[in-house]
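Colleague: Please build the complex by placing chain B on the supplied structure of chain A, with the hints as guidance.
Just so you know, the sequences run in chain order A and B. Read left to right, the first sequence gives residues 1 to 369 (the working numbering). Read left to right, the second sequence gives residues 370 to 708 (the working numbering).
Please note that a few of the clues may not be correct.
Stated by the list, open to error - Just so you have them, the derived chain A footprint on chain B, three or more residues with Cβ under 8 Å:
1) 417-424
2) 458-466
3) 535-548
Unchecked claim - Partial list, computed: chain B residues near chain A (C-beta under 7 Å):
4) Gly410
5) Ala412
6) Ala574
What the hints assert, rightly or not - Keeping only pairs whose Cα atoms sit at most 27 Å apart, straight-line, the calculated DSSO-like set for lysine-lysine is:
7) B:Lys444 <-> A:Lys90
8) B:Lys444 <-> A:Lys329
9) A:Lys158 <-> B:Lys444
10) B:Lys446 <-> A:Lys90
11) A:Lys158 <-> A:Lys90
In case anyone wonders, no lab produced these hints; they're calculated from the structure. For glycine and all other residues, C-beta sits at the position ideal for the given N, C-alpha and C.
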Amino acid sequence: MSEKTYTPGEHPDLPPPANLIGPVAWIRKNLLSTPTNIVMTVLAIWFLYEVVPAAVNWLFLDAAFTGENRDDCRAQASGACWAFISERMKLFTYGFYPIEERWRVNISFLLLIAAIVPVLFDKVPFRKFGLYFSCAFPFIAAWLLLGGYGLTPVETDKFGGFMLTLVIGVTGIAFSLPIGILLALGRQSQLPIIRVFSVSFIEFIRGVPLITLLFVASTMLNYFLPAGVTFDLLLRVLIMVTLFASAYMAEVIRGGLQAIPKGQFEAADAMGLKYWPAMRLIVLPQALKISIPSIVNTFIGLYKDTTLVIIIGLLDPLGIGRASLADTKWTGLSNEVYLFVAIFFFISCFGMARYSLYLENKLQTDHKR
Amino acid sequence: MRVTPIAAVLAALSFTTMTAQAGTLEDVQARGELNCIVTTGLAGFAAPDENGRWDGFDAGFCRAVAAAVLGDGEKVKFVPSTGKTRFTLLNSGEGDILFRNTTETMSRDTDLKLNFLPINYYDGQGFLVRKDLGVTSALELDGASVCIQTGTTTELNLADFFRANGMNYEPVNIETNEEGIANYSGNRCDVYTTDASGLASTRAALDDPSAHIILPEIISKEPLGGATRHGDDEWSDIGKWVVNAIIIAEELGITRDNIDELCAEAGDNPSINRVCGTEGDMGSMIGLDAKWAVRAISAGGNYAELFNAHVGPDTPLGLARGLNAGWRDGGILYAAPIR
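Okay, chain A solo, but in the shape it has when bound (with noise of 0.2 Å):
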């Protein structure tokens, strides 16, 4: 074997030797690097040989996905019975909403889509046009989901499933950050009023639990108003969801505000400029860039939450999917269910969280700590 040889600084990058690459050297490194990381290799395996073909036997391989009843899929297969679901399709999706006006509520989730894309990403095209539009969308949405001038007026009590959730959720998010953001400013007020109802607002919402206020608004509110008056259940549940949100968004907020530090203050002062573009120019950018992890934790938390409903008798997936259990075609088929309304949630709540990280790193100014 002849050694070549090379003029000093001349010789080239050799490959790194065999036993620090490929497939060999990342098990040997990642997997079996000291005693304790074997062992759990070992019951890691163990566990997923365990686990994934059972689960893939039940969800797929043993799955029945057509049937007319719990009988017809426990005929067909051991495994799950998916004929329910998607018998019940129309249900989770559209709750109670009458069956000849669901184009509306499909009309409305595209638009809820063509309404967001611009809010959320800064490179679409006709983004100021689309911004516009954004701003419209909750009247439109409105107009096209309750009816009137011109579309049969559909009660919102009809509302249920997903767009249950959806209009829920979104609408909680949508109001509770900028009333968040007013209360965070408003607690960290000069003018005594405005940070003693500040304060004391975010307070009272944060030291009851949901549960107590949607509570409030479902039952003890029409022992508080005068006979004969009511208003719309949905419509008070999304006051008490959006308040609710509206004093930890606040405080999340407030977090972000105190990591400013005072310099950025002074020199907006200095700028001569007044309170409000002193705000919008200097501060808030910041302090929103600081609070977005907690920020979207607050909107996910919140997203959840909205099952509580339940509790005052609005189904939403969870509910819905609780009533279908009692048809008695298809009883006793709770995994199926809880599994489907489960991967419905991960999806939404995976997407925002994966929103939030782009987010970041799109604002990502300093240095990687």
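Modeller: Coordinates of chain B only, in the frame set by chain A:
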């Protein structure tokens, strides 16, 4: 801008409609819809089908009342409620009438200010256990863990029964029947206790019904019936007589199919004529027209038809008539006459 929440509430309030202070009947007729409180889903009694239409034994009574009052059994807004919210919803006016397999008790009748309608289902609390537990009587359940729905009479009965027999139990609290099934089939409790009708549907929902038995002891009386709130006796009367009419229809052999024929003109049987509205002036006594009972019965059929369609032997629940047979057939269903 800081007053946004308050402004929102005020704005919402200003949009509310002030309905005139009238009786429930006038309110319902003005609204054109009956608000009927049902469960959030109980097999056979009230549950939505795949199109979102509520149906079941209780839902059938809602439709009958709506048909009598509004002329259309579909003009019902079903208000789903949990065991805890049902009475608040009724008393706060969110619902006009309640059919939510609710046990009539003294404290509910008086303290909670309800007017109970005639009993439409005689139930009793029983115990469901796994066969391999080797238990054959409820008296052998000392120390067992028991799945029990909170906020119900069954919870109180259970405590009474175990105390009276000097036994202990470990409660596993659940909120809905569905949760009960999940907990029981997941072995988180040895015993599931609820009304016998519920146990039958629970057992039917289990993977292997033959591995479970319902113990012979029935430890309580659970007379289930509809209810209205105090303060509107005329409205309570309507509910009461709609239920009675449905029970009487079975006694008289009036069914959904033959009612048009029987009631076309006054026949020989005065009892049938009074139900049909071709004799006497029964409708105006409860503020309705002469055909109120005809519409109520046409909506879902007479008692036997409602029972067999939703909970009877041919349904997955497979409940026998038992106590709920008419008084002539060995049951205790006995409605006051319409006259």
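Colleague: Would you mind marking each hint as holding or not holding in the structure?
Modeller: Against the structure, the hints:
1. Coverage of a stretch by a chain is defined here by at least three residues with a beta carbon nearer than 8 Å to that chain's beta carbons; for the stretch 417-424 of chain B and chain A the count is 5, and the condition holds.
2. Coverage of the stretch 458-466 of chain B by chain A holds in this model, with 4 residues showing a Cβ closer than 8 Å to a Cβ of that chain against a need of three.
3. Counting residues of the stretch 535-548 of chain B whose CB falls under 8 Å from any CB of chain A gives 3; the rule of at least 3 is met.
4. The interface hint given for Gly410 of chain B is met, as the beta carbon of that residue sits about 3 Å from the closest beta carbon of chain A, less than 7 Å.
5. Given hint, Ala412 of chain B at the interface with chain A, holds; its Cβ is 5 Å from that chain's nearest Cβ, closer than 7 Å.
6. Nearest Cβ of chain A to the Cβ of Ala574 of chain B: about 3 Å, under the 7 Å cut. The hint holds.
7. Distance hint between Lys444 of chain B and Lys90 of chain A is fulfilled; the C-alpha atoms sit about 22 Å from each other, no more than 27 Å.
8. For the given pair, Lys444 of chain B sits about 25 Å from Lys329 of chain A by alpha-carbon distance, which is consistent with the 27 Å threshold.
9. For the hint pairing Lys158 of chain A with Lys444 of chain B, the CA-to-CA distance comes to about 13 Å; that is within 27 Å, so the pair holds.
10. With a C-alpha separation of about 20 Å, the suggested pair Lys446 of chain B and Lys90 of chain A falls inside the 27 Å cut-off, and the hint holds.
11. The straight-line distance between the Cα atoms of Lys158 of chain A and Lys90 of chain A is roughly 13 Å, inside the 27 Å bound, and the hint therefore holds.
Comparing the model with each numbered hint stated earlier shows that all of them hold.
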